[in-house]
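Please build the complex by placing chains B and C on the supplied structure of chain A, with the hints as guidance.
Residue numbers (my numbering), protein chains in the order written: chain A, 2 to 305; chain B, 3 to 409; chain C, 7 to 363.
Treat the hints as calculated values from the structure; they're not laboratory data.
Predicted model, so just to flag it, every value in this text is computed and none were measured.
Treat the hints with caution; some may be incorrect.
Said to hold, decoys possible - When the alpha-carbon atoms are kept at most 20 Å apart in a straight line, the in silico SDA-like pairs for lysine to any residue are as follows: (1) B:281 - A:292; (2) B:281 - A:6; (3) B:177 - A:6; (4) B:128 - C:170; (5) B:205 - A:265; (6) B:281 - A:131; (7) B:318 - A:62; (8) B:279 - A:133; (9) B:147 - C:164; (10) B:70 - B:35; (11) A:292 - C:123; (12) B:189 - C:144; (13) B:177 - A:9; (14) B:279 - A:128; (15) B:128 - C:171; (16) A:292 - C:128; (17) B:189 - A:272; (18) B:128 - C:169; (19) B:77 - B:315; (20) B:342 - B:375; (21) B:318 - C:311; (22) B:171 - B:318; (23) B:318 - C:313; (24) A:292 - C:127; (25) B:189 - B:147; (26) B:301 - B:398; (27) B:318 - A:119; (28) B:281 - A:128; (29) B:279 - A:132; (30) B:315 - C:315; (31) B:281 - A:132; (32) B:177 - A:265; (33) B:128 - C:162; (34) A:292 - C:126.
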Amino acid sequence: MIVAAFSDFMQQVVSGLASGGIYALLALALVIIHRSTGVINFAQGEMATFSAYIAWTLTVNHGLSYWPAFVACLAISFGGGVGIHRVVIRPVERGSVLRIVIVTIGLLVGINGFVIWEWGGEPQQLRSPFGTETYDVGGVIVAAHDIGTIAVALGIVLLLWLLFRFTKVGLALRAVAVNPDEARLVGVRVTWMLALGWGLAATLGAVAGMLTAPTVGLDPQMMQAVLIYAFAAAVLGGIDSPIGAVVGGLLLGVLLNMLSYLSQYGAFDWFTEELRLPAALLIILVVLLVKPTGIFGRPEVKRV
Amino acid sequence: MRRRFAPIAALATALCAIPVALAGSGADPGVSSTTILIGGTSPLTGPAASYATVARGAQAYFDFINAKGGAAKRKIEYRVVDDAYNPAQTVQAVRRLVEQDNVFAVFNTLGTEANLAIRDYLNQVKVPQLFVASGATTWGRDAAKYPWTIGFQPSYAAEGLVYGQYIAKTQKKAKVGVLFQNDDYGKDLLASLKSGLSRSGSKVVAAEPYQVTSPDVGSQIGKLKASGANVLAIFATPTFAIQAYVFANRLGWRPLIINNAVSATSNTMTLASEGGKNKSIEGTISTTPLKDPLNPRWKKDPGMKQYRAILAKYAKGANPNDANHLYGMAVAYETVGLLKGLGANPTRAGLMARARSIASAKNPFLLPGVSVKTGKGDNFPLQQGQLQRWMKGRWVPFGGLWTSKRN
Amino acid sequence: MTARTTRIIGFVAFAAFVAFVAVLPSFIGDFKAREYSYVGIYLIALLGLNILTGYTGQISLGHGAFMAIGGYTTAILMAGNEQFGGPISGGMKDVWTLPIAGLVAGLVGLAFGIPALRLSGLYLALATFAIAVAMPSTAKRFEEFTGGGSGIQLFGTPELTGSISNVEIFGLSFSPNDWMYYLAWSIALVAFAVAWLILRGRTGRAFRAVRDSEIAAVSSGVSLARYKTLAFAISAAYAGVAGGLFVIASAFINPDAFPVALSIYLLVGIVVGGLGGLSGLVFGAIFIAFLPLWAQGQDLGSLLPDRIIAETQKPGGPAMVYGIVLILLMFAIPNGVGGLFRRIGQLISSRRYSRAK
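The following block holds chain A by itself, in its conformation from the complex (with noise of 0.2 Å):
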């Protein structure tokens, strides 16, 4: 009997690690563009959504099989992410804070519904790169799916770590973030810095795409849940670091269930489904309040 109980909680705890490597996912791709251009974005889910279609028809409409879909989306996602930025970003990038937030919110909602007239509203299917096997460890089940989609996570802080850490790219990139004027002075191209970090940011959310619609479904809504979520994550984590949104994610996603689970033995009997949402956003008003730094951030002088 305990053992089942057992069992069944760290099924929870399962279940819980992989919702949070969707989150990590998008968190990861929100991290990149605040890093690299100091921009929240709100579009982050819809861009990822976009590429996920992408994908989807590449295979299902055009023809092609998985893996030449899936490089063909992350590059037409990172083409993407430099236009979106060259067009739309770049006219407002000098004005206030609000014109960028209606912007990337423009872009939230042409893109929802750009998918949705495109494609129709009905879900669709999007396979896993990594099949449909499970593996029972101790009468807890794992799926290979969500094995890959956190280590695709963890992979992803690794190469960032390496780019941010040892190449020219990484060290203008951090420039341009930390102070536009002066990167431009010794010689950084800043608008192109900036397309990048648009860029790598689309093609992360293509990867959070690619991999969250073989769970979730594929639908023009997907991401917009997600990506509150992942907001939270990216917040608890420090908005400013990739394994930070990682732990953020996982940290969140095991959390939400761990309430959910306990609610039905009595502790935390407040908690139901509907606070769920409430829950995560929590997270993020005390974090801010508590700690903006999140687990990971360092500290930022606030400039005058």
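Positioned in the frame of chain A, the structure of chains B and C alone reads:
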């Protein structure tokens, strides 16, 4: 000063320039000698935009009828307004349809809450609220209080009862786990499932709600499996129903699955099968009053051939496998039937009187034998369905038609 | 121009606007009056949001939630929540609930304004966005208070003035639609005047100082905490009144009536109206009241080619148009219609100046 207000004035004039329907003698608003104007809301944007295809299917059918000369020598104009699935916007849009556009009837408005928000108003101004696109029981049950409102689809309560009775009849001491959407729709199905199970050895051992704002239902399926249930009832919309199958499969859980009609189109089931790798869908039980666009059984069926032809011609680019189009056509078919019977001077009261005495047995989009019927004491147009079992990639009907008597 | 003549022009313009608002219904017809009552309602919310964002420089993506708080206050005071197991019996006439709606929302705004002190710019946008997103689920959770997803029905209740029959007041008779229009606009004009009074005085100067430079404001003796939370409270109170009126106009409330989109519309409204000015806000209000209809060609139908109308009426079409319009607006009129006015004004006065030279 003038410069400042000129735009407002210009705007006001522009907004006022709307066509006023020329009423034929003795007919109600919205009827001219050549057209009948009906209107309704549909979520073209927002979280429920996938249901917009219901209105699109209906629109295509009206266009098809109009090309053949219309109903009662008039063309049917169907004006669809977006409400983004927000009842406050539904109220605005419907008042606009009634007071400004002068529609003859409000038709096929989608969503339980949206229709609740406009029901009192429409009954006050005595405009028909025809064939509400929602399965709440109240549309039929409260007909005496709201004579201008009538539903269409089988109620969720009737559907849940059928599943409950099916389990009670075929399973001994089944332990049922339920995944349900945390709103009226999910709760109606859950409550009626329980009442169908009552006085049998089977019972609901766990019921897990999900919010439409949740990304996934993995945690819920894990808990339902842990509850020891051997029957899983999925009362969820297509996206979440597909997830339920995916997660059940990942957990290696093989209960008998009951899937509600909303998510039981072949299209959805095929997606849930993950290209044939997901075995948990095999043997799923569901029910439907509609023919299934993907089922080869209807390949040569005249009704379904007509469905595909109409959609191809009047709704270019629409996916015929999306059964919402078919539902839209089925409800438009009945509307055309009502309008045809209204004679030279259609009135709203006449429309409602006919809507309360429908006897239509040959709707080409519904399963053979399923009839649309209303009459004294019966205010539920569609009360029949076919139990079906998913086997080897298609639905196989069994056990004849069921008819709900109580609701 | 001296300050005195500017003020006189301002008074005359306002009086003319009041007169215009008063006579408008007789020109636009009964139903249009109802649609323009929503313009008045949005104007109230925008006036409030503008105090916060336009004058004090704090972004809120969550004002729809404050409207919801006002809306629920009004609905619950009118219909009560005993039928869901709540403690309030209701029975208050609609108009009298509005000050309470404003007060309740204002207090919540004050409570939120205190933690919001620690946030600025994008982080405040994110935090307030979180509030807007959380509101519908939270309202569903506390079903015994709010009626849950099915909401509260107000149409035809005795507390609602003029559901269907004419309203007799001061010896005049108003159709229900005209009544809604005059109710919304009377409150909107009062709200406008109050906002003007607040903003022209010491408080307004303090708000602007906070927006322009927090450090400069502090060094000249302005208490940041006091004025920032005050701006939040006033702004939320405005939103609360607007929310109450919104519910009276819809005669229905449920959590879906206050989606995140509403909060976004409001922010868009003040940007269109021009941040930090009052007169342009009317255009912001018109914009958000009618854009959803324009985006699906409902009003502009005769001006656009059929093909475009057909495409925008496909699912997703209106949203696509809406998104594109938002982005283009940010390009075309970065300072909104109000900013456009100010620029025209500046051009005129600078020409005069150069001519005088």
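Going through the hints against the structure:
1. For the proposed pair residue 281 of chain B and residue 292 of chain A, the alpha carbon gap of about 47 Å is over 20 Å, so the pair is violated.
2. Distance check on the hinted pair: residue 281 of chain B and residue 6 of chain A sit about 26 Å apart at the alpha-carbon level, beyond 20 Å; violated.
3. At most 20 Å may separate the alpha-carbon atoms for a hinted pair to count; residue 177 of chain B and residue 6 of chain A meet this at roughly 18 Å.
4. Proximity of residue 128 of chain B to residue 170 of chain C is assessed by CA-CA distance (about 12 Å); at most 20 Å being required, the pair is judged to hold.
5. Between residue 205 of chain B and residue 265 of chain A, the direct Cα distance comes to roughly 19 Å. Compliance with the 20 Å bound is thereby established for this hinted pair.
6. In summary, the hint linking residue 281 of chain B to residue 131 of chain A is supported, as the alpha carbons are separated by about 18 Å, within the 20 Å threshold.
7. At most 20 Å may separate the alpha-carbon atoms for a hinted pair to count; residue 318 of chain B and residue 62 of chain A meet this at roughly 17 Å.
8. For the hint pairing residue 279 of chain B with residue 133 of chain A, the CA-to-CA distance comes to about 7 Å; that is within 20 Å, so the pair holds.
9. For the suggested pair residue 147 of chain B and residue 164 of chain C, the alpha carbons sit about 18 Å apart, so the restraint of at most 20 Å is met.
10. Simply put, residue 70 of chain B and residue 35 of chain B have alpha-carbon atoms about 17 Å apart, close enough for the 20 Å limit, and the pair holds.
11. Annotation: proposed proximity of residue 292 of chain A to residue 123 of chain C holds, straight-line Cα distance about 14 Å (limit 20 Å).
12. Distance hint between residue 189 of chain B and residue 144 of chain C is fulfilled; the C-alpha atoms sit about 18 Å from each other, no more than 20 Å.
13. Distance restraint check for residue 177 of chain B and residue 9 of chain A: the Cα-Cα separation of roughly 18 Å lies within the 20 Å cut-off, and the hinted pair is therefore satisfied.
14. With a CA separation close to 11 Å, the supplied pair residue 279 of chain B and residue 128 of chain A stays within the 20 Å bound.
15. Only pairs whose Cα atoms come within 20 Å are accepted, and residue 128 of chain B paired with residue 171 of chain C is accepted, the gap being roughly 14 Å.
16. Straight-line distance between C-alpha atoms of residue 292 of chain A and residue 128 of chain C comes to about 16 Å, which keeps the hinted pair within the 20 Å bound.
17. Annotation: proposed proximity of residue 189 of chain B to residue 272 of chain A holds, straight-line Cα distance about 19 Å (limit 20 Å).
18. For the suggested pair residue 128 of chain B and residue 169 of chain C, the alpha carbons sit about 14 Å apart, so the restraint of at most 20 Å is met.
19. The straight-line distance between the Cα atoms of residue 77 of chain B and residue 315 of chain B is roughly 18 Å, inside the 20 Å bound, and the hint therefore holds.
20. For the proposed pair residue 342 of chain B and residue 375 of chain B, the alpha carbon gap of about 17 Å is at most 20 Å, so the pair holds.
21. Restraint check for residue 318 of chain B and residue 311 of chain C: the C-alpha separation of about 18 Å stays at or below 20 Å, so the hint holds.
22. With a CA separation close to 45 Å, the supplied pair residue 171 of chain B and residue 318 of chain B exceeds the 20 Å bound.
23. Straight-line distance between C-alpha atoms of residue 318 of chain B and residue 313 of chain C comes to about 13 Å, which keeps the hinted pair within the 20 Å bound.
24. With a C-alpha separation of about 17 Å, the suggested pair residue 292 of chain A and residue 127 of chain C falls inside the 20 Å cut-off, and the hint holds.
25. Distance check on the hinted pair: residue 189 of chain B and residue 147 of chain B sit about 23 Å apart at the alpha-carbon level, beyond 20 Å; violated.
26. About 15 Å separates the Cα atoms of residue 301 of chain B and residue 398 of chain B, which keeps this hinted pair within 20 Å; it holds.
27. Of the supplied pair hints, the one linking residue 318 of chain B and residue 119 of chain A holds, its CA atoms being roughly 12 Å apart against a limit of 20 Å.
28. Between the alpha carbons of residue 281 of chain B and residue 128 of chain A the distance comes to roughly 16 Å, so the proposed pair stays at or under 20 Å and holds.
29. Distance restraint check for residue 279 of chain B and residue 132 of chain A: the Cα-Cα separation of roughly 9 Å lies within the 20 Å cut-off, and the hinted pair is therefore satisfied.
30. Using a Cα cut-off of 20 Å, the hinted pair residue 315 of chain B and residue 315 of chain C holds, with the two alpha carbons roughly 18 Å apart.
31. Of the pairs offered as hints, the one joining residue 281 of chain B and residue 132 of chain A holds, with about 14 Å between alpha carbons and a cut-off of 20 Å not exceeded.
32. Straight-line distance between C-alpha atoms of residue 177 of chain B and residue 265 of chain A comes to about 18 Å, which keeps the hinted pair within the 20 Å bound.
33. At most 20 Å may separate the alpha-carbon atoms for a hinted pair to count; residue 128 of chain B and residue 162 of chain C meet this at roughly 14 Å.
34. Under the criterion of a C-alpha separation no larger than 20 Å, the hint pairing residue 292 of chain A with residue 126 of chain C is consistent with the structure, at around 14 Å.
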